Structures are given as structure tokens and as C-alpha cells.
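In order, the protein sequence lines correspond to chains A and B. Going by our numbering, the first sequence opens with residue 1, and the numbers climb by one from there. Going by our numbering, the second sequence opens with residue 111, and the numbers climb by one from there.
Quick caveat, the hints were computed from the structure, so don't treat them as lab data. Since the structure is predicted, the reported quantities are computational estimates derived from the model, not experimental observations. One thing to keep in mind: the hints can contain errors.
[Unchecked claim] Listed below are the simulated BS3-like cross-link pairs for lysine-lysine, each with C-alpha atoms no more than 25 angstroms apart in a straight line:
| id | chain 1 | residue 1 | chain 2 | residue 2 |
| --- | --- | --- | --- | --- |
| 1 | B | K162 | A | K109 |
| 2 | B | K162 | A | K81 |
| 3 | B | K132 | A | K81 |
| 4 | A | K57 | A | K109 |
| 5 | A | K97 | B | K132 |
| 6 | A | K97 | B | K162 |
| 7 | A | K109 | A | K76 |
| 8 | B | K128 | A | K97 |
| 9 | A | K97 | B | K146 |
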Amino acid sequence: GQNIDQPTEMTATEGAIVQINCTYQTSGFNGLFWYQQHAGEAPTFLSYNVLDGLEEKGRFSSFLSRSKGYSYLLLKELQMKDSASYLCAVPGAAGNKLTFGGGTRVLVKP
Amino acid sequence: ETGVTQTPRHLVMGMTNKKSLKCEQHLGHNAMYWYKQSAKKPLELMFVYNFKEQTENNSVPSRFSPECPNSSHLFLHLHTLQPEDSALYLCASSQDEGGTAYEQYFGPGTRLTVT
Numbered sequence: 001g002q003n004i005d006q007p008t009e010m011t012a013t014e015g016a017i018v019q020i021n022c023t024y025q026t027s028g029f030n031g032l033f034w035y036q037q038h039a040g041e042a043p044t045f046l047s048y049n050v051l052d053g054l055e056e057k058g059r060f061s062s063f064l065s066r067s068k069g070y071s072y073l074l075l076k077e078l079q080m081k082d083s084a085s086y087l088c089a090v091p092g093a094a095g096n097k098l099t100f101g102g103g104t105r106v107l108v109k110p
Numbered sequence: 111e112t113g114v115t116q117t118p119r120h121l122v123m124g125m126t127n128k129k130s131l132k133c134e135q136h137l138g139h140n141a142m143y144w145y146k147q148s149a150k151k152p153l154e155l156m157f158v159y160n161f162k163e164q165t166e167n168n169s170v171p172s173r174f175s176p177e178c179p180n181s182s183h184l185f186l187h188l189h190t191l192q193p194e195d196s197a198l199y200l201c202a203s204s205q206d207e208g209g210t211a212y213e214q215y216f217g218p219g220t221r222l223t224v225t
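Extracted from the complex, chain A is given alone in its bound form (with noise of 0.2 angstroms):
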């Protein structure tokens, strides 16, 4: 079986810099993905790691360490529109089957 576990919520100001932290145990690893979803959104891709090691694209980076059955999220340079929820998400051993966390709610304050 398939299990996530990421904080359920967590609050940063403007400007900063947050972190989002998510572990997971799976049989079989396929890679590891974030999503961003907005309230009342669908969730939208923001990245996909297979190797281990920080890959950044603008703001965002991500981290995945598959040893350690763990991965972050991180956010540079936060403004209002990043708050969101963040969802961990691993695939199954044939790969379209996609394993949730139950996200982490990023409230950015002024």
C-alpha cells in the first residue's frame, strides 16, 4: 500500500520563504508529484521528481531524497496568490494511479 503524510496547514508572510515537507511510503517508486490546487479549483501541475536532489523552476523548487521516503516543497518569495493547497502525490507500481496526501493549506498574510 501507499501512505502520505504532509502538514495539514501552515502560515508565512508575503515575501517569505516557506517549506513544505511531505514523507511517503510506497512499493514501488515512480516519482513523486506537486499539484497546487486553489479553493474550489482543480489541482494544476507544478513538478515531478524522479532522481533525487532540488529541482527549481522560478520561485518553486522541490527536493526528493527516495532513502529518506521524503520530499519538499519550496516556495521563494511568496505573494498573496500562493495561497493554495499543496498536495503530495505518488503514483502506484503501474504508474496511473495516483496516491494523495491530504494537502497543506498555505495561508500568505500581508
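For chain A, the structure is supplied; the task is to place chain B on it using the hints.
Just chain B, lined up with the frame of chain A:
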């Protein structure tokens, strides 16, 4: 039209009604999915279709009945639902060939309220 579309966006139905949710993807993908998102719970996978064949039924009650007539269209037929079935129902699609092709593209969802 681009991406993944879903209709209706909002639906209110009684417990004795029959209704259908529709999803269409314009991305040329091979796999389509139905998810349920309830308040304060993780996204729950309901059904997976790969090349029009159902490959996953995640112990979903029979009052939810999926249909995939072709790779671009997916339906979720609803009948005799319960109030606890009220949720956001999301459709997604993916190329399904490995790696980043596992990336799923989501539709805007149907907000369902069962009264």
C-alpha cells in the same frame, strides 16, 4: 476547447434522482480518471480507464456507475445517492506512458450536493 472540461459545474439532486456527470479531454490522452474530493479529506481515486477499459474500481459503491465510450469522454452516472456523497467530483486525464507522462490534468470539477 482545450484541456479537460466537465459539465455541469454545479449539481443539486435528491436522493431518488438519476443524473450524469460528463468529462471530455482534448489532449489526446489514453487514460481518464474520476476522483472524489470531500471537505478536509484527501483526493480519493474512484475509477481509472485506460484505452476505454476500466482498470481500477477503488471499492466504489454501485450507486456510482462510470462509462467510457471512447478515449476522450468519460461519464459518471449517479443514482440513489446519499447526502454523504456530496463532494467535488474531479475528472483527470494522462498520457500514461511513464515518467512525467503520469502527470494528470484535472478538469474544473462538478460540485455535487445531495439533498
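Q. Are there hints from earlier that the structure breaks, and if so, what are their numbers?
A. Result: hints 1, 2, 3 and 8 break, sorted rising.
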